[in-house]
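Participant: Assemble the complex: chain A is given as a structure, and chain B must be docked to it using the hints.
2 protein chains.
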Amino acid sequence: MMTAEQQLLAAMIDHTLLKPEAVPAQIATLCDEAREYTFASVCVHPCNIYAAADRLRGSRVNVCTVIGFPLGANATETKVFEAELAVKQGAMEVDMVINIGALKAGDHLIVERDIAAVVNAAIKRGAITKVIIETALLTDDEKIAICKLVTKAGAEFIKTSTGFSTSGATVADVQLMKANIGKGVKIKASGGIRDLAFAQELIAAGAERLGTSSGVALVQAIVTGGMQATGQAAGGSY
Amino acid sequence: MMTAEQQLLAAMIDHTLLKPEAVPAQIATLCDEAREYTFASVCVHPCNIYAAADRLRGSRVNVCTVIGFPLGANATETKVFEAELAVKQGAMEVDMVINIGALKAGDHLIVERDIAAVVNAAIKRGAITKVIIETALLTDDEKIAICKLVTKAGAEFIKTSTGFSTSGATVADVQLMKANIGKGVKIKASGGIRDLAFAQELIAAGAERLGTSSGVALVQAIVTGGMQATGQAAGGSY
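Going line by line, the protein sequences match chains A and B.
Per our numbering, the very first residue in the first sequence carries number 61; after that it's consecutive.
Per our numbering, the very first residue in the second sequence carries number 61; after that it's consecutive.
Isolated chain A (complex conformation) (with noise of 0.2 Å):
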């Protein structure tokens, strides 16, 4: 049913919700269309990990979750508890927040201390781990010392936003964190992601995943002149 570049887009796509007011009718449904679309997860709080796994039984969609989220500011031993039981609930992608305070305050060994407890937590069995460094609440030099951080802890993806502060992701930060961040670490971007122009523009700057609850619109906007509309931002960004 799907174009080739509508699987690429989905492919890339954490299908999203993270409104605290969700019930579970909304995550069965979330779950429904990330079956459909066969994006790449869907990214749901930790108590809604066992409805999802179970929905997505026999799928490829993988279940995400957020650890520490969205302030980040838990003991290290909470992030690395909470990850862990996520991933033995069936998550197979933690997106954890780092402590922010710590990270402005310059103790770069908490802060890399922290990620790496939850990186090795979910690698042994098995899942991999964005890191989310709320950039809106960063300075362009904060910015790229977390990269560095993210990096040396050995982490899978660095992620923009968590969605709940004052912006989300920005072409800017996804090119800084690009020109920042090691060889092996892949970017999501997040955060007010609402239109096709816009997601692709991330992707070209270099952001492989992105966290959007609107990616049903996104992936269909493809077939209904989305691709036009975007002009020269679409070209071979995917």
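Since the hints were made in silico from the structure, they are not lab data.
Accuracy of the hints is not assured; some may be wrong.
Identical chains blur together in the list; that is why a pair holds if it fits in one copy or across any two.
[Said to hold, decoys possible] No more than 30 Å apart at the CA atoms, straight line, and that leaves these computed lysine-lysine pairs for DSS-like:
1) Lys148 to Lys164
2) Lys246 to Lys148
3) Lys164 to Lys208
4) Lys238 to Lys203
Since we're looking at a predicted model, the values are computed, not measured.
Facilitator: Just chain B now, kept in the frame of chain A:
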């Protein structure tokens, strides 16, 4: 230095700093202010408990922290782990967020067990639990239902808001909670409490604790004419 009226207000205030980007120096200042004014507690994130407990040693100020904050959509096991660790590290009060989606879905048993698990973990080590219901996201029927569940779960306090949702405490919500909680449960109002008149209205409505980052200004306002400015609302409210 403080008048009796100031002391009474100060003893009701959880002096709060929950910005994820707060640095250790700001936590230290928060603690020093809490010691100076003898606030009920400082309310800080789990990653700051050690520092706050250390800074407040020898004072009458409690360390309060937040659990499953601010979305409450964690696994119950994680909330329990986070609460136990927090109390072990020096927190005497834990403010936990309920599972909002479960409440909205009518899964009352899940909601009650989630609360009770944290309450029991805290009680074991002599700490009290405040249950944040996030009024901004609830209908009046849901607010009434959660009042019963918080009462059944044996929590010491019910608390209006995280301060991270679409709105904070209202007088109407405090009144509604007062009418629907059991005798043993107290009310903490929080979120958007920045002037004395409003603080006094909340107290008059039944709040026995206020969560605010404006505690110093509120207490000082009593001397600088705040009492007059608030008119009748101030009369006999505490």
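Participant: If a hint holds in the structure, say so; if it doesn't, say that too.
Facilitator: Now the hints, each set against the structure:
1. Lys148 to Lys164: between (33 Å within a copy, 27 Å between copies)
2. Lys246 to Lys148: For Lys246 and Lys148, only the intra-copy Cα distance (24 Å) is at most 30 Å; the inter-copy one is 37 Å.
3. Lys164 to Lys208: The answer is within: 15 Å in one copy meets 30 Å, while 42 Å across copies does not.
4. Lys238 to Lys203: For Lys238 and Lys203, the Cα distance is within 30 Å only inside one copy (11 Å; across copies 46 Å).
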